[in-house]
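Undergrad: Here's the letter readout for the chains.
2 protein chains.
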Amino acid sequence: MKIDPWSSTTYQDYARLRDEFGIQEFSEDLWKHLPHPHRLLRRGVVFGHRGFELILNAIQKKRPWAILTGLMPSGRMHLGHKMVIDEVLYYQSLGADIFIAVADIEAFATRGFTLEEAKELAVNEYIANYIALGLDPKQCHLYFQSRHQDVKDLAFLLGKKVNWSQMVATYGFEGTTNMAHIFSPLVQTGDILHVQLEKYGGIRPTLVPVGVDQDPHIRLSRDIAQAHRLYNVTVTKDNKIGVFVKVDTQVKELLDAAEKTLKKLQFTDLKRITDYKAIYINTAKEADIPGIDEALACIEPSFHGYGFLQPSSTYHRFITGLTGEKMSSSKPESAIFLTDTPQEAKKKIMNAKTGGAATLDEQKKSGGKPDDCMVYELFLYHLIEDDDELQSIYESCKKGELMCGACKKHAAEEMEKFLRDLQQKRTKALNQIQEYLH
Amino acid sequence: MKIDPWSSTTYQDYARLRDEFGIQEFSEDLWKHLPHPHRLLRRGVVFGHRGFELILNAIQKKRPWAILTGLMPSGRMHLGHKMVIDEVLYYQSLGADIFIAVADIEAFATRGFTLEEAKELAVNEYIANYIALGLDPKQCHLYFQSRHQDVKDLAFLLGKKVNWSQMVATYGFEGTTNMAHIFSPLVQTGDILHVQLEKYGGIRPTLVPVGVDQDPHIRLSRDIAQAHRLYNVTVTKDNKIGVFVKVDTQVKELLDAAEKTLKKLQFTDLKRITDYKAIYINTAKEADIPGIDEALACIEPSFHGYGFLQPSSTYHRFITGLTGEKMSSSKPESAIFLTDTPQEAKKKIMNAKTGGAATLDEQKKSGGKPDDCMVYELFLYHLIEDDDELQSIYESCKKGELMCGACKKHAAEEMEKFLRDLQQKRTKALNQIQEYLH
Numbered sequence: 395m396k397i398d399p400w401s402s403t404t405y406q407d408y409a410r411l412r413d414e415f416g417i418q419e420f421s422e423d424l425w426k427h428l429p430h431p432h433r434l435l436r437r438g439v440v441f442g443h444r445g446f447e448l449i450l451n452a453i454q455k456k457r458p459w460a461i462l463t464g465l466m467p468s469g470r471m472h473l474g475h476k477m478v479i480d481e482v483l484y485y486q487s488l489g490a491d492i493f494i495a496v497a498d499i500e501a502f503a504t505r506g507f508t509l510e511e512a513k514e515l516a517v518n519e520y521i522a523n524y525i526a527l528g529l530d531p532k533q534c535h536l537y538f539q540s541r542h543q544d545v546k547d548l549a550f551l552l553g554k555k556v557n558w559s560q561m562v563a564t565y566g567f568e569g570t571t572n573m574a575h576i577f578s579p580l581v582q583t584g585d586i587l588h589v590q591l592e593k594y595g596g597i598r599p600t601l602v603p604v605g606v607d608q609d610p611h612i613r614l615s616r617d618i619a620q621a622h623r624l625y626n627v628t629v630t631k632d633n634k635i636g637v638f639v640k641v642d643t644q645v646k647e648l649l650d651a652a653e654k655t656l657k658k659l660q661f662t663d664l665k666r667i668t669d670y671k672a673i674y675i676n677t678a679k680e681a682d683i684p685g686i687d688e689a690l691a692c693i694e695p696s697f698h699g700y701g702f703l704q705p706s707s708t709y710h711r712f713i714t715g716l717t718g719e720k721m722s723s724s725k726p727e728s729a730i731f732l733t734d735t736p737q738e739a740k741k742k743i744m745n746a747k748t749g750g751a752a753t754l755d756e757q758k759k760s761g762g763k764p765d766d767c768m769v770y771e772l773f774l775y776h777l778i779e780d781d782d783e784l785q786s787i788y789e790s791c792k793k794g795e796l797m798c799g800a801c802k803k804h805a806a807e808e809m810e811k812f813l814r815d816l817q818q819k820r821t822k823a824l825n826q827i828q829e830y831l832h
Numbered sequence: 395m396k397i398d399p400w401s402s403t404t405y406q407d408y409a410r411l412r413d414e415f416g417i418q419e420f421s422e423d424l425w426k427h428l429p430h431p432h433r434l435l436r437r438g439v440v441f442g443h444r445g446f447e448l449i450l451n452a453i454q455k456k457r458p459w460a461i462l463t464g465l466m467p468s469g470r471m472h473l474g475h476k477m478v479i480d481e482v483l484y485y486q487s488l489g490a491d492i493f494i495a496v497a498d499i500e501a502f503a504t505r506g507f508t509l510e511e512a513k514e515l516a517v518n519e520y521i522a523n524y525i526a527l528g529l530d531p532k533q534c535h536l537y538f539q540s541r542h543q544d545v546k547d548l549a550f551l552l553g554k555k556v557n558w559s560q561m562v563a564t565y566g567f568e569g570t571t572n573m574a575h576i577f578s579p580l581v582q583t584g585d586i587l588h589v590q591l592e593k594y595g596g597i598r599p600t601l602v603p604v605g606v607d608q609d610p611h612i613r614l615s616r617d618i619a620q621a622h623r624l625y626n627v628t629v630t631k632d633n634k635i636g637v638f639v640k641v642d643t644q645v646k647e648l649l650d651a652a653e654k655t656l657k658k659l660q661f662t663d664l665k666r667i668t669d670y671k672a673i674y675i676n677t678a679k680e681a682d683i684p685g686i687d688e689a690l691a692c693i694e695p696s697f698h699g700y701g702f703l704q705p706s707s708t709y710h711r712f713i714t715g716l717t718g719e720k721m722s723s724s725k726p727e728s729a730i731f732l733t734d735t736p737q738e739a740k741k742k743i744m745n746a747k748t749g750g751a752a753t754l755d756e757q758k759k760s761g762g763k764p765d766d767c768m769v770y771e772l773f774l775y776h777l778i779e780d781d782d783e784l785q786s787i788y789e790s791c792k793k794g795e796l797m798c799g800a801c802k803k804h805a806a807e808e809m810e811k812f813l814r815d816l817q818q819k820r821t822k823a824l825n826q827i828q829e830y831l832h
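Note that the protein sequences, when read in sequence, are chains A and B.
In terms of the numbering used here, the first sequence opens at residue 395 and continues consecutively.
In terms of the numbering used here, the second sequence opens at residue 395 and continues consecutively.
Hints should not be assumed to be uniformly reliable.
Heads up, the list lumps identical chains together, so a pair's fine if it works in one copy or across two of them.
[To be verified] DMTMM-like cross-link-like pairs, simulated, lysine to aspartate or glutamate; straight-line CA separation at most 20 Å:
1) K658 / E808
2) K476 / E795
3) K802 / D755
4) K476 / D609
5) K593 / E510
6) K793 / D782
7) K725 / E738
8) K725 / E694
9) K631 / E779
10) K555 / E510
11) K532 / D491
12) K658 / D687
13) K803 / E783
Derived from the structure by calculation, the hints contain no laboratory data.
Could you put the whole structure together from the sequences, leaning on the hints where they help?
TA: Structure (structure tokens):
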């Protein structure tokens, strides 16, 4: 069975985006290896990734890994925001160590909120909903950027290895851009990489699940992590696997340590050329690189390096707004907010843009277009867990058996159940929330 | 009596610099109001200032004021570095609250030192000498930028009010400039302004004594302080004194508070025009502006403002190196280091460039040129406290009565006394130093 949630245009858009930015496809070959894959993964809503193999490997080998997700407190939380949390909760069930950054510095720098306003909104709107959705705040690291000294310190220190031209190329900053805004991506890099500091669990694969608009932050963090590495493991021109020391101090000691590590990993036939700052591993294959790289990263802190592994990322599609445009807090009719009443949600669903035909007769004859239907998207992303049930709706619509009125009513009912349940849990969460904050 | 330490060329250079950047002259009219003015002030070595009137006013009215000075740990400390500390010690005797920032983040960002190397150098080279020169570390706030969270937080937050174009205009940054470097001036702004946060003593005049090369940091800090103010006090086009609210929220409340403050300051005949966000003070004169401004600044924190007063600055000339070029750590023969032995110092003095003539006979006939003499500079800046004694050397040289050999010997003897005494005090300081650090 293959559910294709993509309208052909949108699919091409995302595929083009993916290819343009060098994002890898998040294909079935990848998610089928995950335990009970989440609906957003198996339905192609998560469509791309960078370096997810590291995460998969950690899950399969039951080794430690972490997730970092950020929330920008800048309006009411809607279904679009819920998706990342759905993913995070799924990964938490697979053993990920969860870090949640409240991007209050970014809200200050780019949206004009005071830190107090950002905190208020983050706690009462976002964190309350996260907990209501199932996040156990005792089992995760929740922090505010503005109060996390290690994150801010990293932001300062890591900036050494990125220059202004790179920032312009990545973010399109201009002369009128303010300096707090210019610096805020480095705070995000601090967020993403700090989880690999020893006091937060040490060097390990880290996943950052995001919408594709956040890819610049991912690329910056990956570039900066790599730029700070002391070792580089790569395929050489003559097709060998080589370990190279990237710095000019303690070269001998670094090569000694690498040699020891490689032997521990059972690699033999090592050829060391100190003048090239290199060790060639005649018995290694390309597939061995990630493992070698990770093992070498872990010895870098003893040479004053960070040893940060490049963070991995996944990219999800954006849920379309009910009006057919972007789902956005600034257009309340486009979005279902997690604090909407069932009545409000129902009204929006009833007014939603669907894939129905102009007349009932025509729809019965030529069928509906679920790929272009906002109500179907609600089912696909949020409301229906069972793939067969979803498939059956998809096909009934296509065949002209299922009409929009009935479908909207179904969606409104499911949404009511969801919102009522969430409302109860949120009230409880709000009562308990203060104790989780530090 | 008027000692003119300037060679005519140098004088013109500094005067041109001063005028070009809009720096005010630090004239006798200013320093004569200070208690027992320091030799560097009364001899014109401190040649310019911005906003020193605020400091003078605080000294005269015995109101609190602060000094912030920074040290960049990047080499051995020499006589050129000593000048700012001489000034700081003088101002401490007048009641200034002293803050000393170790610019380890800047050393990291711009000079390639690790934070550990910077700390080592700061403690053993600079701070040890500061204490040996007379600084009582218990009577000052000594801190490392990298460990001062409030300074770093201000750096982030204050960046909101300065854009990239301003940074380029001020510092000439380019595409290849790294982001840690780009951000380091904002850390300096954090250094300079944090002393006015309530927990560090609150809003008050702050002096930053610097060499003129540091003026960009001063301008940036002054601009940023002003940009964050909620009130502006100024002379209007029709020559009235007006108080204007610069923000759009709580305008009524801000005007109410300003009105109350102005009445407390005994100003009457206030004309408030809420639509213009203004209060005109018919009974105020231009000279009243600083007092009004300071009083209004102090109420800004209750409206979530900082109320930072623009920091004041003084600018000193650079001491010339013994070789006639710049005194620099990287040219040991040009500099007398505070850790030089008397023998080393003597050798450098004996080889120094002087204002003597080609032959003894010629010098006896037409006299020497103390304005072009590195040895005379040593007397003027460092070795001779008594103005009459200095004057007499100056005149004897001019008249051809004093020859370079004798003068150098005199300087070497004075330097030996100074260095021996300092060496003893430094040894003692190094033994005690650890307890002062936090």
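Undergrad: Work down the list of hints and note, for each, if the structure agrees.
TA: Tested hints:
In the homo-oligomer, the alpha carbons of K658 and E808 never lie at most 20 Å apart, since the shortest distance is 55 Å inside one protomer and 65 Å across protomers. Taking the shortest Cα distances, K476 and E795 never come within 20 Å of each other, neither inside one copy (31 Å) nor across copies (89 Å). Taking CA atoms no more than 20 Å apart as the test, K802 paired with D755 passes inside one copy only; the shortest distance there is 18 Å, against 110 Å between copies. In this assembly of identical chains, K476 and D609 lie within 20 Å of each other by CA distance solely inside one copy; the values are 19 Å within and 50 Å between copies.
For the identical chains of this complex, K593 and E510 are inter-copy neighbours only, at 19 Å across copies versus 28 Å inside a copy, given an alpha-carbon limit of 20 Å. For a Cα distance limit of 20 Å, the shortest separation of K793 from D782 inside one copy, 16 Å, qualifies, whereas the shortest one across copies, 108 Å, does not. Taking the closest pair of Cα atoms, K725 and E738 come within 20 Å of each other only inside a single copy of the chain (14 Å); across copies the shortest separation is 76 Å, beyond that limit. Taking the shortest Cα distances, K725 and E694 never come within 20 Å of each other, neither inside one copy (49 Å) nor across copies (36 Å).
Taking identical chains as interchangeable, the C-alpha atoms of K631 and E779 are never at most 20 Å apart, the minima being 49 Å within one chain and 70 Å between chains. In the homo-oligomer, the alpha carbons of K555 and E510 lie at most 20 Å apart only across protomers (19 Å), although the nearest pairing inside one protomer, at 32 Å, exceeds that limit. Taking the shortest Cα distances, K532 and D491 sit within 20 Å of each other inside one copy (12 Å), while across copies they are farther apart (45 Å). Within a single copy, K658 and D687 get their C-alpha atoms as close as 14 Å, which meets the 20 Å cut-off; across copies the closest is 69 Å, which misses it.
In the homo-oligomer, the alpha carbons of K803 and E783 lie at most 20 Å apart inside one protomer (16 Å), although the nearest pairing across protomers, at 101 Å, exceeds that limit.
The structure is inconsistent with the numbered hints 1, 2, 8, 9, although it conforms to all the rest.
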